[in-house]
Amino acid sequence: MRACVVTFPGSNCDRDLAVAFERVLGVRVDRVWHKRTRLDRYDLIGIPGGFSYGDHLRPGAIAARSPVMQEVVRQANDGALVLGPCNGFQILTEAGLLPGALIRNRGLAFVCRRVDLVVEGTDSPYTRGLERGRTLRLPIAHHDGGYVVDDEGLRRLEGEGRIALRYKDNPNGSTADIAGVLGGPRNNVLGLMPHPERAIEPLLGGVDGRALLAPLLAA
Amino acid sequence: MNAASTIVPEAAREHGLSEAEWHRVVGILGREPRPVELGIFSVMWSEHCSYKSSKRHLATFPTKAPWVVQGPGENAGVVDIGDGQVAVFKMESHNHPSFIEPYQGAATGVGGILRDVFTMGARPVALLNALRFGAPEHPRTRHLVRGVVAGIGGYGNCVGVPTVGGEATFHRSYNGNILVNAMAVGVAEKDRVFYAKASGIGNPVVYVGAKTGRDGIHGATMASAEFSEAKEAARPTVQVGDPFTEKLLIEACMELMATDCLVAIQDMGAAGLTSSSFEMAARGGCGVEMDLDQVPVRERNMTAYEIMLSESQERMLCVLKEGQEAEAAAVFEKWDLSFATVGRITDTGRMVIRMAGETVADVPIDPVAGASPVYDRPHEPAPPRLPFYAERLMSEEAPGDALLRLLGCPDLCAKRWIWEQYDHMVMADTVGRPGGDAAVVRVHGTEKGLALTTDCTPRYVEADPRLGGMQAVVEAWRNLITVGARPLAITNCLNFGNPERPRVMGQLVGAIEGMAEACRALDFPVVSGNVSLYNETDGRAVQPTPNVGGVGLIRDLGRMTGIAFDAPGLALLLVGECVGWMGASLYLREVLGREEGAPPPVDLAAERRAGDMVLGLIEAGIVRAAHDLSDGGLAVALAEMCMASGFGACLDVPDDNLSSTGWLFGEEQGRYLLALREADAQGALDLARNVGVLARRVGTTGGDTLILGAEPPISLDELRARHEGFLPRLMNGGA
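So the protein sequences, as listed, match chains A and B. Following numbering that gives the first Met the number 0, the numbering of the first sequence begins with 0 at its first residue and continues without gaps. Following numbering that gives the first Met the number 0, the numbering of the second sequence begins with 0 at its first residue and continues without gaps.
If you are wondering where the hints come from, they were derived from the structure by calculation, not from laboratory data. All figures in this text were calculated on a predicted structure; none of them were measured in a lab. We treat Cβ as the ideally placed atom computed from N, Cα and C, and that holds for glycine. Treat the hints with care, as some may be off.
What the hints assert, rightly or not - Pairwise CB distance ranges, derived in the manner of DEER restraints: (1) B/E324 with A/R133: 41 to 49 Å; (2) A/T134 with B/R384: 25 to 33 Å; (3) B/D292 with A/R64: 33 to 41 Å.
Stated by the list, open to error - Straight line, CA to CA, 27 Å or less: simulated DSS-like cross-link-like pairs of lysine-lysine: (4) B/K447 with B/K63; (5) A/K34 with B/K63; (6) B/K447 with A/K34.
Unchecked claim - Partial list, derived from the structure: chain B residues whose beta carbon lies under 10 Å from chain A: (7) G159; (8) Y421; (9) S658.
Same shape as in the complex, but just chain B:
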């Protein structure tokens, strides 16, 4: 090793490479890298692309089941939904760009996740978004909410894919680092799924879509570092989306995939042409030669470095069968999109990139793409918290007042202001609209439906990462069950702070452990996902937020259920246990202003028994409405059902040794509230007893008020006013 390479040059540091990584680069090449090569190593080994901090932990996720066609490692996960069809889905973060420029950041997040799905041959059929904003009163929150929502709508509405669900919650830990996670779901024919695996020596490598500009250079590196006020000047690294081009690209790709021209295809997402070419070649174990003079550009004098690292949107890289370029080119010409042969597949195992007759990069593919550094970062567990039962509450609010306060709090309030800005009905298959437990989209031309949900309770994960990780999975599972779907699989997006800090790394490790346990126990494997680290500003991390995107299948939409009961006089059955668990509850935070206590335990075996039983009742056709119990417990769940249905209800508050606050607002897991006809109620209770599930009659539907035991009735109008009022008030002026 010569003297020059033992010192880490400034350029390497600017590229975010550590000293050890720099030496590794020099070792692989046997020389110091050229500038383009340094850029390539930098993005490919960035946290965002290489998962170097999380990889060894992600490996513990269960990823297989008889219905899983493709697990993690491809552009998106694929599960069988019968009749020769598959569902293709993934969730991904666009946190940092959305904080810098909320409209474009969120919009391009939607565009990117759509490409991950249609690059596999699936027509996108639904979008969801898990959004976490700072405290409502924080001076930037309104601006960020407005921009993110407009960006998601601006992109999804134009591209014509319905945005059907998701979450939006608020907490001060996100003041300086919001989370914008987008999930896309598509449907494909099982034998027409396309993969990003290059093959066939001599086959052309083809660039299609929009032209390449200077936008987004080093976006992946930005997403792999902490934020600071100074970095907000990094505006040029945020990409600009063009949903119109994306729509054309979807249609063109669908047409291309119907021909026999295509060998492999991958979208140019983070790290653009670099990651797409390296990953396709690495999966196929082959080499690539590229000539950057052929890349369609929209600006003059772009350098090789800029072309390789640009994150311009709406672009795809394909490997075609030799001799079929003309047929493929005709498709893209029809849709007015760029089409250019930029390279060939080789058998060298190397990426050789030329421009203006000069070799600008010549690197072995495997060490860059496959053998990126993997770290076992030190991690320490979160300090344990004590259980917190309702008896320990020192002050209690009148139940009716507490309920109204919860329904109007930022996390539980109606999100209509948001989802009315999304076209949630385009494609005319949205049969379960926003506002329920899970959204449902019909599989076009069939009687079956896909149930979709995103879930996570960050305050639980913060309190106990392992339990919180479990809870995110079981809540997604319950939300799918309550609409009558058989849960199939999940995608996830793990949002955490700086993994170089052991406490944060401990959160990540714990959450993954809990999620993996829950997925195993529920046969609910992980088929795709994304990790977003360094979500902190000036040293303050966000609440750990491992968002789960769940997908389930409703075989017969005639048996779909929702949260709205359709008649008075129905029996209300509570499935699951009541012990008055208040630790880390929303009641504690919103009513008493306390963020303490251990989160509710998760009993995976009981969760599974209860879920299977409820799904059985729904499939038997006797459940008229179903809702899972989560934030705010039983009282909130029933109030939400009443508001959705237009019927009131009467809830018993038992006079046993449980405090009424614990009964009404405790957040025990594994629970459902069901509405059944009187005639079916006893049978359901008997069944529950037979399969070892706790269930009890807790009330009756009817009237136009909600009555909590002996408390004064609350009119549905009052419930609605509190529930619907918060967000419009916040966004239209004073909070």
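So here's chain A without its partners, still in its complex pose:
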């Protein structure tokens, strides 16, 4: 498996995501600067959390227009696994790889805590093998995590089984408690506000992040 993690100016979970890929999948991870216009073919591309471009304009809006993103979109449409936690999710929606948008949390404040999530769409390389309805406990840490999508978009997501995760106790006002959304030709793109890379060992307070990463070895 060939894996990389992209770094944008202001990314701050790029190392964490690379470490998680290495530890859980046992792969070497290339670190890719956002100005790259050509990429080798990757099986797994990480779009990390953080504050790319300081959240100026809208979270993820400027990063989505970085040179590297054209290549990410092309490979995603070609079936490569693209995982975007937190700011990665925001970038993926801004880049048009996933529907909807992320807006300011309902409570207006930044929220960092562990939340319980319910697994829903199991037809994806990330959630295959997970039982529908299973609870995962993962950390969130965001200011703009309120997922919004219009009614028709919501119907399509639900109809196509592309809602990967919902919050048990909605922390940010997301439409229909949506925490993670699938996209791409084979549900190979996953954007989610929680941070699976922060929950891969007991010392960090949990290992449920592995549940979303480990299945990728078989993908």
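Assemble chain B onto chain A, guided by the hints.
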């Protein structure tokens, strides 16, 4: 001396220079200063930059130990943590700006302390904050809490350094002058630590980071004067932070430091380009020539005065090796940051500054930076207070009610509302999260951890500055021990009122004396620090608040402990003495509304014996949970352990001549509460006896209630409701 220089001009007074200081300036220069020079003297000799009131007392701190790599005098302190690595840390105040504009004041406080750490070559790995607000019901408190917390989070979250711990307490003495102290901790390779010592005649002096604007001019002078309502109009002197630029600056500096280009580096903090250039040159004993036309500016027509005194954020000054500018410039170009050669190192010992072809300043460096005035200000001791034992209590509340009241009081209530606004997990190494005695961050890629805490009990310091100073140090020491860390060193931030008043100066002198004594007795040296004076508004000083930031090392995170016990049926052991000391206690203040009595004595030898023994037990792997006893005493400590673990406990209340209030709520020092398996308890008690430490069995864990002797049980849900309820209620409306 001509007639003009014997009269202090208005300009000098406006710059905060005293008459004697003005004459000293004229003496050094042999003439009256130019405007830029006057500005330079003013900021360099301000209390904030020169420590002129505190210097002679700070010199008494012990600063050395075999593991200390760098003590005070650099941007931050450095201690060895083994395996060729060092921890780099410092704490600093941003009190006045945070009161004027809480979001930006607090945010830039975080930015500044981060730069002090990464300028030394360390990647920042943790942030902490010691916050002191006014009374909860004061009309400004909520606004200030909200702004400060959002500012700290806004900066730390974006820059991607976890905010893992600290303190937040409330007292009316801070109504007009809150305290916002930020601590940053970084990790570096021991042989890749960088210092702010300029050298190499002809080497280029390079400016990197954000551009210079007109913000924050004379911030250092503002931080060196009392507050008044009128001064709140001083908004333009508060700087505006840009954590995104700071993040880029961190990464660029880390890349620059991996090259072989860099001779010296210092952040432009208080007094900006002035202090960074003067301090680097003074440490290296050399001179500097600067051309201000080369400084990247973001506003047109900035004067030399403004450029030298601007406190624009996210900027660094470097000395590079000659001929390596291009390699360094490429790093900053990659990160879209300004890079400009603004000067050269000379051998003249003078700072010569030119702009538009004109010399705007030409001053000798040493007298400005190194020979600033030092004052031995008159100081008088605090009036002694009488001891106050529990027997003297005239009225007592039922223990359960008192406990609930304490758990829900502003100082002890859960601070979740605050720390959930901080990303405390980014970098994926936070293994001891907020809410315990000390935060713990793993050293990335290793099995060892840094334990971090901030501590001070201002009501003790007010009651007895020397004892209060000692207590701040020993509480930090205990908090590190209880997570299983070997305490290494402290940084501090000494927040006091106007030192020109002998009573305030007496508090400062006493607190330093007590801190120094405690640090010496515990081999717990001071490696960095900051002094913030003039914390008063309209003549009313804050409670004296010498915050201590402690750092310890856990060699094997497998042996880390916390306050949560993991099983029912564990034996609870109380280490240390119980005499029912109620003086200056939280019980007295919160339950009976009385702020009186002497604070608890500190026996440094006993403190050390107890700490060493507890750490030995933890390192032996038999301690299942540990908590230090501080505010609210034994009952509060046990309640906190129960809430954290989800198990209840039964606490014995002995039927001896001690009142139950004294037993439960007394604040004697040098104490710990440990949970051990039954099978290990007797061995621990035997060990305690052998090493001369008082220890006794006081209860057992289990159930879902907390039982204090013969009192009615209190459910964990009730404890939690009281503990968690206060702050959200305060912040979301009615208090």
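Are any of the numbered hints broken by this structure? If so, which, sorted upward? Hints 1, 2, 5, 6, 9 are the ones this structure does not satisfy, whereas the remaining hints hold.
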